[in-house]
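Novice: Hints in hand, dock the two standalone chains.
Spelled out from the first residue to the last, the chains are:
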Amino acid sequence: MSTFTFLRLAGVSAARCSGSSSFLAQRLGASAPLTSAVVQRKNLSLTPAKTGRTYGPQEESEKVDDIHHWVNERYVAAALIPIIPTALIYPHPVLDTLLIGAMVLHTHWRLSGVVQDYIHGPVLFKIGRLLVMALSICTFGSMCYFNYSDIGFARFIRLVYSQL
Amino acid sequence: MALSTLRLAARPYLLAQQTFIIARCSAPMASSALTEMKNFWKKNQQLNRPNSPWWIYRPHLPMLTSLCHRATGITMGVVLYAVSIGVFVAPGDVTSYVEFVKNLHLSPMLLFPAKMICAFPLIYHYINGIRHLTWDAGYGYELKTQYKTGTVIATSAVLLSALVASYAYW
Numbered sequence: 000m001s002t003f004t005f006l007r008l009a010g011v012s013a014a015r016c017s018g019s020s021s022f023l024a025q026r027l028g029a030s031a032p033l034t035s036a037v038v039q040r041k042n043l044s045l046t047p048a049k050t051g052r053t054y055g056p057q058e059e060s061e062k063v064d065d066i067h068h069w070v071n072e073r074y075v076a077a078a079l080i081p082i083i084p085t086a087l088i089y090p091h092p093v094l095d096t097l098l099i100g101a102m103v104l105h106t107h108w109r110l111s112g113v114v115q116d117y118i119h120g121p122v123l124f125k126i127g128r129l130l131v132m133a134l135s136i137c138t139f140g141s142m143c144y145f146n147y148s149d150i151g152f153a154r155f156i157r158l159v160y161s162q163l
Numbered sequence: 000m001a002l003s004t005l006r007l008a009a010r011p012y013l014l015a016q017q018t019f020i021i022a023r024c025s026a027p028m029a030s031s032a033l034t035e036m037k038n039f040w041k042k043n044q045q046l047n048r049p050n051s052p053w054w055i056y057r058p059h060l061p062m063l064t065s066l067c068h069r070a071t072g073i074t075m076g077v078v079l080y081a082v083s084i085g086v087f088v089a090p091g092d093v094t095s096y097v098e099f100v101k102n103l104h105l106s107p108m109l110l111f112p113a114k115m116i117c118a119f120p121l122i123y124h125y126i127n128g129i130r131h132l133t134w135d136a137g138y139g140y141e142l143k144t145q146y147k148t149g150t151v152i153a154t155s156a157v158l159l160s161a162l163v164a165s166y167a168y169w
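The listed protein sequences correspond, in order, to chains V and U.
Counted from 1, the first sequence has number 126 at position 127 by numbering that gives the first Met the number 0; the numbering is strictly sequential.
Counted from 1, the second sequence has number 56 at position 57 by numbering that gives the first Met the number 0; the numbering is strictly sequential.
Hints are computed from structural coordinates only; laboratory data are not their basis.
Because the structure is a prediction, the values reported are computed rather than measured.
Hints may contain errors.
[Unchecked claim] According to the in silico footprint, chain U covers these stretches of chain V (three or more CB under 8 Å from chain U): (1) 76–83; (2) 107–121.
[Stated by the list, open to error] In silico DSSO-like cross-links for lysine-lysine, where the CA-CA straight-line distance does not exceed 27 Å: (3) V:K125 / U:K37; (4) U:K41 / V:K125; (5) V:K125 / U:K42.
We put the beta carbon where it would ideally sit given N, CA and C, even for glycine.
With the rest of the complex left out, here is chain U (with noise of 0.2 Å):
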């Protein structure tokens, strides 16, 4: 009875003793997690331990879509800038490049390929980005789903290609 009654009284000075603690653990942390994450990859280094392998994965179509993403991408950036700033640099205008290309008369033949060749970056890159942009949506991460729509993409994207490149023969 008198221990119940000692209880009764000990407890909100108890209490506030673990208030106390708990506000002393909540203090924020003096490393921010970029510190520590380079802290983690200096012990690695000092300790000598292995990378995990990271080339096991058989190629897969996710996997290539993206890539080919990133590659077409990658290319028609790189292809945009060299095209900007030559077009500055050149002498004369562009149309008469265009008439120096079209008078070297190369056969049709030579002339499609590379044509396709130059539109299906975009038109891929275009597509798939529409897909990207589902995706960030939070829409068709399904493993089917991606299956589908990356050969519908893939394929879709060669005969809209060849759709634009044969815009001169139309």
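So that you can see chain V by itself, here it is in the shape it has in the complex (with noise of 0.2 Å):
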């Protein structure tokens, strides 16, 4: 699961455990109202598992296991953190060409991991994830050429927010 949705269920979890309500004294009603996350449904339905869908991780390579992939991504965001500021502030090609190096790198990884969230099946599953890498390729193309021969990507947004 990605860290996205292992932190937006943290959030439940958190507020199911922390407090003095524990879980049963959630479910007689006398809850924080901060912990109170979780509806009582009286009729709820009962779904069951569909045939022909996979559930859990899709891939049987190396990669799942492997945690330096995960810091990396984590090293590039918070390389993003200044560079984005100093870019559109002191538009200049060098600052450019590692902001879009960098943010083009952050929004595949992460346009890939939605793709891995969010489309299940054996075939769906590996187009979605080449058309990611194409469109990025294709993109961090364009950026460069656009880079080069027009004014710049800080200079464009600047151009927007100033002049419109």
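Specialist: Given below as structure tokens:
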């Protein structure tokens, strides 16, 4: 499961376990307002596990167990924190290229994570990831061309926000 | 007396037997975790077991901020990809397009909210991204902290995007 889904659920499970109210106290209705995230529905319909749909992780590869990719994603995200204001305030070709490279890399990794989260099935999932890879390559190439032959990404943003 | 000497004599042999058994139990399993999971889900489908209900949570702030983070991220990603490829494919340089929109003379009443809406995803995702990275470093998981930081981030993102959108009028 991606980090987003885990953290979203972690917010809920923290709501369940924190404070003095136990799971039983919540069920009995005696809970603090911050922790009553679970709604009691009278008639919950039970949906059976769908046949033909694959649950759980899709790939049988080594990459699933490796921690380095996850850490590198955080490094790039942390690198984006100083790059974005610097590149937008002081437009310069080198900063532009850095900005575009880091942005496209971060977007590529996160969009393939989104595809991994929401698109299931043996065929559609692979198509989704191939599509994201192709689009990322096209975007990076287009942005490099734009930085080279046109005014540049940071100047473009500043133009839109100062002129219009 | 004879029994205890017999036990003393037999102990190394018996221990050796035990370690042999322990070594056999610690042999690696034939199937990986992934195949075990897949078999589990196959069994679920064969027995027609029901799924657990997953939409039982009333929307609360950590869930909404996380949803907003993902929504703004996806929006920005799609817009970045579309604008990049569009700028490459479209004829002429980008300044002419900005001039074209400027010559439409749209009222600031329309342009200011539009610029605010365009600036909000970047600013919100940026500040919330810092919050995500502090979570990854291990700080700030307590519920009160999450609520406090969540509200601060949402309001400051709206204010900052209004500030950035007003840049043309400074």
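Novice: All hints are to be evaluated individually against the structure, with a verdict given for each.
Specialist: Outcome of the hint check:
1. 76–83: holds (count 5)
2. 107–121: Three-residue rule met by the region 107–121 of chain V, so holds; n is 3.
3. V:K125 / U:K37: holds (18 Å)
4. U:K41 / V:K125: holds (21 Å)
5. V:K125 / U:K42: Judged against 27 Å, a Cα distance of about 25 Å means the pair holds.
Checked against the numbered hints given earlier, this structure breaks none of them.
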